[in-house]
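Chemist: Here's the letter readout for the chains.
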Amino acid sequence: MSLIAQTFKNLEQKGRRALVGFVTAGDPDIEKSLAVMEAMIEGGCDILEVGIPFSDPTADGPVIQASSQRALAGGMNLTKALGMVKALRQHHSAPIVLFSYYNPILAYGAERFYRDALAAGANGLLVVDLPFEEAGELTGKWPGKDLDLILLVAPTTPRERMEQIALNASGFIYLVSMTGVTGSAGLDLEQVTHTANTLKSVTDIPIAVGFGISTPDHVAAVSKVAQGIVVGSAFERIIEKNINATDLPSIIFQYAKTLKATALKP
Amino acid sequence: MNPTENRQHDQMPNQRGYFGSFGGRYVAETLMPAILELEAAYDKAKQDAAFQKELSHLLKNYAGRPTPLYFAKNLTDYAKGARIYLKREDLAHTGAHKINNTLGQALLARHMGKKKVIAETGAGQHGVATATAAALLGMECTVFMGVEDVARQEPNVKRMELLGARVVPVPSGTGTLKDAMNEAMRYWVGAVKDTYYVIGSVAGPHPYPMMVRDFQQIIGIEAREQILKEEGRLADMLVACVGGGSNAMGLFYPFRNDSVEMVGVEAGGTGVPNGKHAATLCAGSVGVLHGSKSYLLQTADGQIQEAHSISAGLDYPGVGPEHSYFKDLKRARYVWVLDDAVLKAFHLLSRTEGILPALESSHALAWAVEQAGRMDRDKILIVNLSGRGDKDLGIVLSKKESQQQVKGAKK
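Protein chains in written order, with the numbering used here: chain A, 1 to 266; chain B, 1001 to 1411.
Since the hints were derived computationally from the structure, they do not count as laboratory data.
Built from N, CA and C at the ideal position, the CB exists for glycine as well.
Treat the hints with caution; some may be incorrect.
Unchecked claim - The calculated label-pair distances, taken between Cβ atoms and stated as ranges, are:
hint, chain 1, residue 1, chain 2, residue 2, range
1, A, PRO158, B, ASN1074, 52 to 62 Å
2, B, LYS1115, A, ASP204, 39 to 49 Å
3, A, GLU190, B, HIS1111, 40 to 50 Å
4, B, ALA1049, A, ALA185, 42 to 52 Å
5, A, ALA185, B, ALA1300, 54 to 64 Å
6, B, LEU1393, A, THR203, 38 to 48 Å
7, A, GLU190, B, LYS1115, 35 to 45 Å
8, B, ASP1328, A, GLY15, 22 to 32 Å
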């Protein structure tokens, strides 16, 4: 069982939900970004999603676009992001999922990416613009199966397609809560519940719900229907607002802690 | 290339939307069901006689097709070589080839029950053509346009607004076509349930590159018939500008199995490879952007580079996947010309033939006139005059230096 799957299982046994925190690597620089990532894990993120910044993030709203731009302006790239994962691994064992658009991975090379990501200590990969139909060209070149491929399901995904996605996914399935880009407001719990229930009827792979989640109340509500809760833009908003604050890590720590407190299995 | 080899083009794209190793569907999961639905709807429309009849009717009676294939005698005399024909897409309704595609897609959107359409635009020609089709068919239209392009192609912004469209200026990135397409895709992710995205080039995820090519191939089908009628034989060479590549593919495709040379002219900007340019096929490498795998201008890290061109319609760091396929197969050849040469070609056609060409089309003209001079007088060359230049007056008039240069060159 992969570390990601094991993490979901352990939390389930403890009556808890997995808090998955997303942050863009290198925003605004490596040092500050590493401090933020450590604060996220120490504050309560059970799984860390490390975003590889991309110049043209077509599935992201203004908040993550801006964080990507700051990171790219600071010189971030996939090689350096893997270096950050390696640095995190000195002190932390929480699963790490690399979160990217496809082109930076394609440019890096599929096999080289697999080896280097594992060597750095990453546990999974999520590629926003790589639907399962196209994923074979990437995973087909991987020399092993030690890296989980996290796939997405959207509210627009029909049931038959969910079945195909589940067959190709591992670790967890990322359920997008709404039809929209990241950072959109308005969590529709009825919609999420409906989609999550359909997805649960076709697979046992844990589900983590993301998009539009920013408060402890959201986390508590989503905890009723899914095993994991993803928070991304909300972390990025805090970073943006406190970018020059020396206590940024402690603000992040407190925020993660507050969210984690309500990530409970009903 | 022998005829058997040529026929492989007829099989493209395959069921997964690939032209050889280019194309595919690289989009967020939220959009995948919509793209699959579109593919099914388009397959049905292709076989639907009523749909095809309605489209043909509109192309003829509304868009003004067929457009003429005009023998440019004065330009030929100037070039002193091959006979130059111009495929007059500038005479189509709205002043460019873009209407061929937007009428097709807007009709398809209506068949699919969608009442809202969105589009990206660079020079504004595709935006105007989409706004036009939307007005005709009673649809709500939103067009995304980079702020830089809003400034340099202002007349088209006004035209879109007069046609009832909402124009959304996009400030991100360089405020050009790539950024407009990013924003259109983001908007579509949120509005996919009731909104149809009219992509303006042979780019984007499958089925767009195939579908836009099919709607644009009317250019080549007509040109092929017209040149046979006029000259009793096919042309030796076809020349068209390539940004995303829709006018070029529209002209090239019906000639794919003929022994006719095809040349796509990219925007060389201020220089290739060291200047700022948009010569994706000439100077790029393979990657994934905006839903398909194709040549791209990118860094070694896979970040997309900023393109540059004097013409907003070619100012794009990607290119349609079928052009990448044609390039690797060597079925078409791709070259580039500099901004300065483009301006000269603009003035040259204006003075010699009394036709103001779009700056996009002026790329094809610039290269073709040079090339014609190197060819024998019994050779035939067809240039796709993809659009009219009225929209570019602001840019052209601001480059007084180039005007003076041409005055000196006038015979």
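Chemist: Compare the structure with each hint and give your call.
Modeler: Comparing the hints with the structure gives:
| no. | hint | verdict |
| --- | --- | --- |
| 1 | A:PRO158 - B:ASN1074: 52 to 62 Å | holds, 59 Å |
| 2 | B:LYS1115 - A:ASP204: 39 to 49 Å | holds, 41 Å |
| 3 | A:GLU190 - B:HIS1111: 40 to 50 Å | violated, 31 Å |
| 4 | B:ALA1049 - A:ALA185: 42 to 52 Å | holds, 47 Å |
| 5 | A:ALA185 - B:ALA1300: 54 to 64 Å | violated, 37 Å |
| 6 | B:LEU1393 - A:THR203: 38 to 48 Å | violated, 59 Å |
| 7 | A:GLU190 - B:LYS1115: 35 to 45 Å | violated, 25 Å |
| 8 | B:ASP1328 - A:GLY15: 22 to 32 Å | violated, 57 Å |
Taken one by one, the earlier hints fail for this structure at numbers 3, 5, 6, 7 and 8, listed in ascending order.
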